[in-house]
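Q: Given next are the chains, with one letter for each unit.
Protein chains: 2
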Amino acid sequence: MEERPLTGIGPPGRIAAPGEGIGHDELALAARNHGLPLEAMRYEVTPAGLHYVLVHYDIPETAPDPDTWRLTLRGRLGTPLELGLRDLRALPSVTHRVTMECAGNGRARLSPRPVSQPWLVEAVGTAEWTGVPLRAVLAEAGVAPDAVEAVFTGADHGVERGVEQDYRRSLPLPVGEDVLLAHTMNGGPLPPQHGHPLRLVVPGWYGMAHVKWLRDIELVDTAFGGYQQATAYRYKQSAEEPGEPVTRIAPRALLIPPGFPDFMSRTRVVRPGPVRLAGRAWSGYGPVVRVELSTDGGNGWADAEVLPQGGHPYAWQGWHADWTALPGSHTLLVRATDASGRTQPLEQPWNRGGFGNNQVQAVSVVCR
Amino acid sequence: MEERPLTGIGPPGRIAAPGEGIGHDELALAARNHGLPLEAMRYEVTPAGLHYVLVHYDIPETAPDPDTWRLTLRGRLGTPLELGLRDLRALPSVTHRVTMECAGNGRARLSPRPVSQPWLVEAVGTAEWTGVPLRAVLAEAGVAPDAVEAVFTGADHGVERGVEQDYRRSLPLPVGEDVLLAHTMNGGPLPPQHGHPLRLVVPGWYGMAHVKWLRDIELVDTAFGGYQQATAYRYKQSAEEPGEPVTRIAPRALLIPPGFPDFMSRTRVVRPGPVRLAGRAWSGYGPVVRVELSTDGGNGWADAEVLPQGGHPYAWQGWHADWTALPGSHTLLVRATDASGRTQPLEQPWNRGGFGNNQVQAVSVVCR
Chain U
2 MEERPLTGIG PPGRIAAPGE GIGHDELALA ARNHGLPLEA MRYEVTPAGL HYVLVHYDIP
62 ETAPDPDTWR LTLRGRLGTP LELGLRDLRA LPSVTHRVTM ECAGNGRARL SPRPVSQPWL
122 VEAVGTAEWT GVPLRAVLAE AGVAPDAVEA VFTGADHGVE RGVEQDYRRS LPLPVGEDVL
182 LAHTMNGGPL PPQHGHPLRL VVPGWYGMAH VKWLRDIELV DTAFGGYQQA TAYRYKQSAE
242 EPGEPVTRIA PRALLIPPGF PDFMSRTRVV RPGPVRLAGR AWSGYGPVVR VELSTDGGNG
302 WADAEVLPQG GHPYAWQGWH ADWTALPGSH TLLVRATDAS GRTQPLEQPW NRGGFGNNQV
362 QAVSVVCR
Chain Z
2 MEERPLTGIG PPGRIAAPGE GIGHDELALA ARNHGLPLEA MRYEVTPAGL HYVLVHYDIP
62 ETAPDPDTWR LTLRGRLGTP LELGLRDLRA LPSVTHRVTM ECAGNGRARL SPRPVSQPWL
122 VEAVGTAEWT GVPLRAVLAE AGVAPDAVEA VFTGADHGVE RGVEQDYRRS LPLPVGEDVL
182 LAHTMNGGPL PPQHGHPLRL VVPGWYGMAH VKWLRDIELV DTAFGGYQQA TAYRYKQSAE
242 EPGEPVTRIA PRALLIPPGF PDFMSRTRVV RPGPVRLAGR AWSGYGPVVR VELSTDGGNG
302 WADAEVLPQG GHPYAWQGWH ADWTALPGSH TLLVRATDAS GRTQPLEQPW NRGGFGNNQV
362 QAVSVVCR
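Chains as they are written, first to last, in this note's numbering: chain U, 2 to 369; chain Z, 2 to 369.
Among the clues, some could well be false.
Under 7 angstroms between C-beta atoms, here's a sample of chain Z residues computed to sit facing chain U [said to hold, decoys possible]:
1. Pro12
2. Gly22
3. Gly36
4. Tyr58
5. Asp59
6. Ile60
7. Thr63
8. Trp70
9. Pro119
10. Leu121
11. Glu123
12. His158
13. Ile257
14. Arg267
Calculated from the structure, these hints are not laboratory results.
If you're wondering where the values come from, they're calculated on a predicted model, not measured in any experiment.
Glycine included, each C-beta is placed from N, C-alpha and C at the ideal position.
The whole structure should be built from the sequences, with the hints applied where relevant.
A: Here it is as structure tokens:
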């Protein structure tokens with residue numbers, strides 16, 4: 002179905018008042034969706050169930066029957082196509098290890114806070130996605146000369162800021178050669194919450210581009226103006242301005258919190274002496290070339306050792322540094338810089354949707 | 002290690018002030034841990050990654066090497082034992098389908114709100130657990146006549162309300178014949194967040210009893226007085242009183258929210274006409290014998306059809322009812338009653354830890 006107004010159902014977009022705590026609406030999203038527990042960065046490939054998940058509406062009931070499920074390709078194509086799961090699995094496939102991050106990661110730390118899914122810092126994960134390069138499928142169908150974008154429609158359906166819609170996003174043509182129609186995650190079928198049976202994977206881009214429960218691709222001759230493209234997922238300062246589109250992932254480094262935690266505050270406790278600090282770093286703009294660590298709250302910085310990409314250009318890179326913990330309270334900060342020169346801010350610039358945040362992470366550690 | 006004081010690290014237990022929103026500390030727990038998206042109740046057995054998870058400290062790095070990992074059994078036993086994973090897998094095993102719920106489910110709806118993991122209603126899941134009956138292993142080792150409890154220690158380590166500890170709980174002897182040392186979840190190895198490689202499963206009890214990352218069992222001749230047994234997980238009105246232990250799961254029915262949602266409010270939208278309402282119901286005190294549904298906010302109630310347990314005495318039961326939606330706003334309520342006569346309150350009685358809540362669920366639906 003096309004998008005259509007359905008007003009008066011949910012609240013309009015809003016910014017929290019100064020000092021306003023997280024509300025039940027934000028909490029309901031936080032309880033449904035989930036981040037990566039940061040200690041799980043110890044795994045190069047995130048095990049099932051630990052990778053972050055953001056579902057806008059409901060996880061749809063997707064037909065598990067490979068005989069009836071179809072992906073449709075239509076619009077400005079030489080030959081419209083219908084592909085079943087067996088068709089897709091029979092096509093030559095590739096596997097990419099991809100670090101995916103939600104565009105709203107860090108939103109709940111903004112001041113004032115845009116009211117939406119309230120991520121702190123953990124909306125990330127890395128998986129091995131296997132599927133068919135979209136380019137190959139489009140070449141088979143024949144792209145019309147006047148086609149400018151591909152519009153991807155998922156099976157998830159809901160209302161958002163007064164617009165009833167199937168989740169839908171577009172990419173400009175030609176799509177990157179790394180864009181996949183992924184039918185396999187970490188060697189198995191996609192779990193329901195990750196888009197079973199098929200999702201788009203757009204390496205290097207924030208999560209909103211990786212359309213889950215993909216059921217239709219339409220090639221169009223004008224820029225797609227749907228809700229998720231033209232209204233949401235834009236960098237803006239006010240609701241009225243058109244803003245700039247959210248696309249690739251800004252660089253970020255995260256630390257595996259050392260020692261052990263306090264249950265409620267998540268403050269870390271370490272013993273005096275040598276501590277190996279390690280974590281992951283990534284960017285959608287190229288390899289991470291530098292990770293800096295501060296163990297004194299940002300006064301001094303020292304380079305950590307960054308591991309090479311090792312044949313996985315779309316995945317996070319490991320990094321580590323050695324620290325000698327002395328008794329007292331410490332704030333550890335980490336900062337990544339990528340090959341394009343992009344780095345992480347100490348103070349987060351604000352935008353109304355709360356997108357693209359990559360302020361340096363701060364981890365409180367008490368050494369006893 | 003034994004429990005020991007480690008004061009001044011985290012905050013003391015506290016109750017939120019009237020009107021106080023969810024804080025960053027509670028949000029950090031909500032972002033790490035996660036509930037069952039309610040539409041996933043459509044699956045009789047919850048797929049991996051959708052089952053609720055609560056981890057007190059960090060997911061520990063448990064040795065995947067079956068040659069080195071050991072479960073130790075010691076204390077008031079005829080023969081102390083060390084069992085490897087191969088030993089456990091070679092013993093006769095059974096499979097139980099078990100509905101598990103967090104003892105703190107519903108805490109965030111309490112007023113005033115105990116500050117801890119802020120669940121709304123979704124901390125539940127059902128899995129097929131395969132493992133060795135604990136009774137058989139204890140019989141092999143020989144239980145001393147003076148043994149009164151078994152103390153179970155997990156590999157997860159942290160600080161909680163000033164007490165440094167490995168997560169540790171006990172059960173009175175003799176343990177139920179249904180208590181398992183589970184090495185398999187839904188037919189595969191346990192995921193890291195569910196206790197890999199071994200967890201205790203205590204059908205019918207709230208989640209705190211199902212010790213994850215189980216590494217040690219000690220039979221003792223006096224009641225265990227550890228933090229998670231004697232301080233936390235007690236029904237109390239004040240911090241000072243000893244309270245009553247949290248044990249079995251109170252009855253609850255949940256509705257799979259009908260129609261489709263608004264992203265932010267989770268309000269449901271349905272079309273006018275017949276709507277099939279369905280969900281799950283469970284109790285740790287016996288089968289659910291009745292599910293009642295109100296479609297007018299609690300004025301009128303009608304019985305739903307409850308499916309029998311079907312050979313799975315520890316798992317939730319399906320239920321369904323037909324409703325004709327008329328244009329307007331509706332509040333749907335569901336209430337379960339079990340064979341022991343226990344049912345769900347309309348107003349939630351309060352306790353300081355926020356445990357054992359089972360107030361009837363209310364789902365807001367707009368029919369357009």
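Q: Now, for every hint given, state plainly whether the structure supports it.
A: Status of the hints after comparison with the structure:
| no. | hint | result |
| --- | --- | --- |
| 1 | Pro12 | holds (6 angstroms) |
| 2 | Gly22 | holds (2 angstroms) |
| 3 | Gly36 | holds (5 angstroms) |
| 4 | Tyr58 | holds (5 angstroms) |
| 5 | Asp59 | holds (4 angstroms) |
| 6 | Ile60 | holds (6 angstroms) |
| 7 | Thr63 | violated (11 angstroms) |
| 8 | Trp70 | violated (17 angstroms) |
| 9 | Pro119 | holds (6 angstroms) |
| 10 | Leu121 | holds (5 angstroms) |
| 11 | Glu123 | holds (5 angstroms) |
| 12 | His158 | holds (5 angstroms) |
| 13 | Ile257 | violated (9 angstroms) |
| 14 | Arg267 | holds (5 angstroms) |
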